[in-house]
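Student: Residue-level listing of the chains:
Protein chains: 8
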Amino acid sequence: MRLTVYLAGEIHTPWREEVKQQVKQLQLPIDFVGPMEDHDRSDHIGEEILGEQPDTILKDVAASSLNNLRTELLMKKSDVVIALFGEQYKQWNTAMDASAAVAFGKPLIIIRQEKHHHPLKELSRKAHVTVESVEQAVQALHYIFE
Amino acid sequence: MRLTVYLAGEIHTPWREEVKQQVKQLQLPIDFVGPMEDHDRSDHIGEEILGEQPDTILKDVAASSLNNLRTELLMKKSDVVIALFGEQYKQWNTAMDASAAVAFGKPLIIIRQEKHHHPLKELSRKAHVTVESVEQAVQALHYIFE
Amino acid sequence: MRLTVYLAGEIHTPWREEVKQQVKQLQLPIDFVGPMEDHDRSDHIGEEILGEQPDTILKDVAASSLNNLRTELLMKKSDVVIALFGEQYKQWNTAMDASAAVAFGKPLIIIRQEKHHHPLKELSRKAHVTVESVEQAVQALHYIFE
Amino acid sequence: MRLTVYLAGEIHTPWREEVKQQVKQLQLPIDFVGPMEDHDRSDHIGEEILGEQPDTILKDVAASSLNNLRTELLMKKSDVVIALFGEQYKQWNTAMDASAAVAFGKPLIIIRQEKHHHPLKELSRKAHVTVESVEQAVQALHYIFE
Amino acid sequence: MRLTVYLAGEIHTPWREEVKQQVKQLQLPIDFVGPMEDHDRSDHIGEEILGEQPDTILKDVAASSLNNLRTELLMKKSDVVIALFGEQYKQWNTAMDASAAVAFGKPLIIIRQEKHHHPLKELSRKAHVTVESVEQAVQALHYIFE
Amino acid sequence: MRLTVYLAGEIHTPWREEVKQQVKQLQLPIDFVGPMEDHDRSDHIGEEILGEQPDTILKDVAASSLNNLRTELLMKKSDVVIALFGEQYKQWNTAMDASAAVAFGKPLIIIRQEKHHHPLKELSRKAHVTVESVEQAVQALHYIFE
Amino acid sequence: MRLTVYLAGEIHTPWREEVKQQVKQLQLPIDFVGPMEDHDRSDHIGEEILGEQPDTILKDVAASSLNNLRTELLMKKSDVVIALFGEQYKQWNTAMDASAAVAFGKPLIIIRQEKHHHPLKELSRKAHVTVESVEQAVQALHYIFE
Amino acid sequence: MRLTVYLAGEIHTPWREEVKQQVKQLQLPIDFVGPMEDHDRSDHIGEEILGEQPDTILKDVAASSLNNLRTELLMKKSDVVIALFGEQYKQWNTAMDASAAVAFGKPLIIIRQEKHHHPLKELSRKAHVTVESVEQAVQALHYIFE
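The listed protein sequences derive, respectively, from chains A, B, C, D, E, F, G and H.
So for the first sequence, the numbering used here puts the first residue at 1; every next one is plus one.
So for the second sequence, the numbering used here puts the first residue at 147; every next one is plus one.
So for the third sequence, the numbering used here puts the first residue at 293; every next one is plus one.
So for the fourth sequence, the numbering used here puts the first residue at 439; every next one is plus one.
So for the fifth sequence, the numbering used here puts the first residue at 585; every next one is plus one.
So for the sixth sequence, the numbering used here puts the first residue at 731; every next one is plus one.
So for the seventh sequence, the numbering used here puts the first residue at 877; every next one is plus one.
So for the eighth sequence, the numbering used here puts the first residue at 1023; every next one is plus one.
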C-alpha cells in the first residue's frame, strides 16, 4: 500500500524537504504532492499564462486561478493532508486547505508552534492530530504503516 | 421564500448589526445565525460547561469543542455564508468557516478591505463574490430576491 | 405539498409569465424562482455592486459572480427545473443550468422547438422530458399533482 | 502520478491533436480521453447499433444515447476537463459537459476566443481557468506537474 | 412531526386506500404520495402531452418519461417507501422503485405474499422490513410514532 | 429556529425526561426523538408485527428490523444526536448510533461517566463534545441558541 | 484504460460467455464481474456457510445475505453495468441491480427482447441504452474505446 | 482483481492471523489492513508522539487521535470490513468501526458468538452477513471470488 500525502502550508522554510528526508530514511512508501513552492512563480503564474493584467488585484485573481486548479486536483489525489502553520504571513490559504481537507474527509495533521494554539483552536479541534514538529508528523505517518 | 444567512468572521466590530439593520430596512425575509459574538464567553465556554482545565491549551480545546458544535450545526442550517475578514487577529477560523462553506456547496460572500486581497486571493477565488463593505454584501443578498 | 420550480433559460420573451398564468389557472401549489429577467440589470449588476470595472470582460466577470450566486442558491431551493431554449443568443448558460440540474438530481423539463433538436440531442437525452411548448411543460407539472 | 484529461468540445478542428503534441513535447504523464471525434460516426452511431429509426429526431435520440454513455463514463475516469468553444455550431453539449464537470468536482479549463466571453460569462466564472489558446491550456496542465 | 410515505407498486388493487384508511383511524400524521394509479392514464400520458407516437415502443418511451419525472420527484420528497408486490404483471418498476429507495437511503417496507419470497429474496434482504399484509405495514409506521 | 435532537442510548434510567425537563425550563425550541424506550416492547415488536419466530435469534432479527427502521428514520430527521452510555448492558447499539451520527455529519454529544473514558476513547474523540451529566449536555444545547 | 463491466441478470443461458467471447475477439481491455452463475450454489450458499436453516424462507434470507455481499462489492468495482432480462423467472433482482446501477451513477445497458418493452419501460427510460442482443451491447462497449 | 479487507475488532486473540492463513491457503488475492494490534502500543502511542499528558484521560485523548487517524485512513482504502466481537472488554470502538463501515457503504461481515446476538441485534441487522467463526467469514470472502 502506497499513500499520497499533500503538504499544505507555508513555502518559506524547507520543512517539506525535512518531511521527505525523514520519510525516506524510514523507507515509508509515500508519494508527496503540494503547492508551487517557488513563491515568486506562484504569484506570477497568472500573468505568465494569461498575460499581463490591469492591476495587482487582477494579477492575484489570475494567479489564484492556477494555484487553486493545482491544489484542488492534487489534494483530491491524496490520502492524508499535513498543514504547517509558520511564523510569517497571514496563511489564510493554509487554513483554507486544512478546512477543505476536513470537509472532503481527508485525515488532517496540523503542525504549529504551541504559541499559535489559541487562534488555531477551532481548526485544530477538527484535525485528527495537532503536533509541533515535522518529526512528530512523520511519526504519525509511520504509525499508519506499522 | 425565507433565507438563512450565516455571518462568519470577526466579532470585535458591530458589522453583524449593520448587516441586520440594512436587511431590515430593505424588508428582506432573512434570518441570521452565526458564532458566539461575546469573545470572552466564546473563550470560556469550554471551562464553563466542562469544568476547569489543566492548562490554557486544554482550555482552548474545550472551548473549541463547543464553538465547533455551534458553528457546524448553524452553518448546515444556512443558505448563504458571509465571511468578513477584519483588521485584527489571525482569523484562521474565519478562513476555516469560509472554506467549509465552499466545500459544502453554500454560496459564499467575502467582505475584506482591498489591502487584504493578496493573502486572501486563493480563498477569494473560490467565493461567489468578494466585496469591500457591508453595504455591498447586503446588495448581493438583495439581488437574490429581486 | 408545494413545489418550487426554477425557470431557466432565455429572458427575452414572456414565457415565464405564460407558465405562471397557466399554473395559476390550474390552481397548482407551485412557487417559481429563476434568474434576473431584466437583461440590462443582469449585465450591469456586477458594476452596480462592485463598482466600475477596467474593461468589458471584467464587467462580465463581475456580473456573472452575482448571477451565479443567485442561480445556484435558487436552483438548490427548487424541486424541478424547466429550461427553455429560444431563438436568439448562444444560450450557453441555459445549457449550463440544465446540465447542473441533471447533475444535482433535479428533474429537468426542456422546452425547445423541434428544429433545435439536433444540437440539443445529448442534453435532451439527459432531461426527464423534452417538449415544444409552455403548455406541454405545464401539463407535465400538472401530472405530478394528479 | 499520471493524470487523465477529458477534452470536451468541438470536433471540427484539430485542437485535440495540438494539445496532445504539446503535452508529448513536454513529456507530461497525461492520458487523454474525449468524445467520438468523427462527426458522422457520432451522428450515425445510434442507427448503426440500434437499427434504422422512424425519423431524424429518433435517430438523434438513438445517437445521443451512445454518445452520453461514452462521455459520462470517460469523464468520470478523468482528473481534469478542458472544454473548447469554437466558432461553429451551437455547442450546447460542450456547455453541458463543462457544467457537468463543475458539478462533479472536476477542475475545468475553458478555451474560448475573447469575443465569446459575454455569452460564456456565467460558465466561465465557474471554471478554474479560462484561456484563449491551446498553448495556455497546456501551460496550465504543465503547472500542475512542476 | 409529519412523515411523507411513498406507496410504490401495483395499481390494480385498492391497497393504497386500505393503507390510508388504517392510518387515518390511527390518526397518524402521514401524507401519502405515489405513482399515477389510473393504469390507462399512466400508459397514455406520454401521447397525451407529447402527441401521437410512431409505434407502441415510442408510446411507452413517452409515457415512461412522465412517469419517471413524477416518481423521482415524489420519492425524493418522501421519508419512507412502502412497496407492494402483487399477483399480476412483471412489476419490474416496483422492484426498480424499491431498489432506488434503498440506494437513496429511504427506509423501505416490502409487502409481498409468502409465496413470492424466493424471487424477492435479494431485494427483501435490503429492505428494512418485509411483511405480508397492509395491516403489518401500517403497524410498522405506527411504531415510528410511539 | 427549532432544532430536533435524537436521544440515543440506554433506556433504563429516566435521563431523557431529565433532558426534556431542563430544556423546557430553559424554554429552548427543541423537539426530541429517540428509540422505543419500553425495553420489552422494543424486544417484542418483531414478533408482534411479524408473528411468532422459530427461535430467540430470529425473534431478535425481527425486532431489530423494526427498531432500525425507526432509528434511521428519526435520526435522519434530527439536527443533533446526544448519546448516553450508562452502567448496564453492552450498549453496542448506542455506539452504533453514535458512530452513524458522526458518519452522517450530525453533531454528536456523548454523555458518559469518567470511568468509561478508556473504552470510549476512540468514539469520544469523534464526538463534538463529551460530558459527564445531562446538565452539561443541556448547557451545550443552550449555547447553540445564545 | 481498462474497464470493468458487471453482467447482471439471468443465469440460465450462456449470454455472459457470448459477451466475453465477442469482447475477446475485438480485443477490448475489459474485465468482467457478475453474480454467482451456478443457480444451485447461489440458492444454497447461505446454508453452506451459515448452516442449516429452520425453513425455506430463512434459507433464502441466508443465501441472499451472501449474494448481496458479492453483488454490492463487485458492482462498486465496475464502470458499466449490463443487465439482461430473459424469458424465465420474475427477475426482480435483475431489476434491483439495474436500478441500483442507475442510482450509483454507473452507466447502464439493458438487453431485452422487444416484447418485454412495456413492463420494462420505466427502467429502460433510466438506462443509457436499451438493446435487443448481446451483439448490440458489445458494440456499445466497443464504441467507448474507439 | 485484488481486494483490501479491514479487520476490525478485538486485538487480544490471534484471529487476524487465522484469517490471513486461511486466505493464504485458498490463494485469494486479498490484502489486509487493520488497527494497531499491540494493545500497549495502541494505548501509549499518543504520549509517545505528543509527549507526556497531564492525566490518563488526556493520555487517552492523545492515543485515540492517532488510532482514529490510522483507522479512518485504512478503512477508506478497504473494500470489505470484517468486525469480530470477542469475549472481553466493552468493544465500543469495534461497534463504532462496524457502524462507520455501514455508513460509508462498505460491505460488513460480523463475527460473534451466538450468545452475543441479543446486544448486537441492531448492528447485526445492518451487516451483510453475521457469522460465528473465522472459517465462515473466510468462506464469505471466498464466495466473492468464485
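Do not take every clue at face value.
Taking lysine-lysine and the PhoX-like style, the derived pairs with C-alpha atoms no more than 25 Å apart in a straight line are [unchecked claim]:
id: 1; chain 1: A; residue 1: K77; chain 2: D; residue 2: K458
id: 2; chain 1: A; residue 1: K24; chain 2: A; residue 2: K77
id: 3; chain 1: C; residue 1: K368; chain 2: C; residue 2: K316
id: 4; chain 1: H; residue 1: K1042; chain 2: D; residue 2: K514
id: 5; chain 1: B; residue 1: K222; chain 2: F; residue 2: K807
id: 6; chain 1: E; residue 1: K699; chain 2: F; residue 2: K789
id: 7; chain 1: D; residue 1: K514; chain 2: C; residue 2: K368
id: 8; chain 1: F; residue 1: K789; chain 2: F; residue 2: K754
id: 9; chain 1: F; residue 1: K806; chain 2: E; residue 2: K660
id: 10; chain 1: F; residue 1: K806; chain 2: H; residue 2: K1098
id: 11; chain 1: C; residue 1: K312; chain 2: E; residue 2: K660
id: 12; chain 1: G; residue 1: K953; chain 2: F; residue 2: K789
id: 13; chain 1: D; residue 1: K514; chain 2: G; residue 2: K935
id: 14; chain 1: B; residue 1: K170; chain 2: C; residue 2: K369
id: 15; chain 1: A; residue 1: K24; chain 2: A; residue 2: K59
id: 16; chain 1: G; residue 1: K935; chain 2: A; residue 2: K76
id: 17; chain 1: F; residue 1: K789; chain 2: H; residue 2: K1137
id: 18; chain 1: C; residue 1: K351; chain 2: D; residue 2: K553
id: 19; chain 1: G; residue 1: K953; chain 2: A; residue 2: K76
id: 20; chain 1: G; residue 1: K953; chain 2: H; residue 2: K1042
id: 21; chain 1: H; residue 1: K1098; chain 2: F; residue 2: K845
id: 22; chain 1: H; residue 1: K1042; chain 2: G; residue 2: K952
Chain E regions said to be covered by chain G (calculated; three or more residues, Cβ under 8 Å) [claimed, not checked]:
id: 23; region: 686 to 692
id: 24; region: 708 to 716
The set of hints was computed from the structure by calculation and includes no laboratory data.
Glycine is no exception: its CB is placed at the ideal position from the N, C-alpha and C atoms.
Student: Against the earlier hints, flag every one the structure doesn't satisfy and list their numbers going up.
Tutor: Checked against the structure, the hints that fail are numbers 4, 8, 12, 13, 15, 16, 21, while the rest are satisfied.
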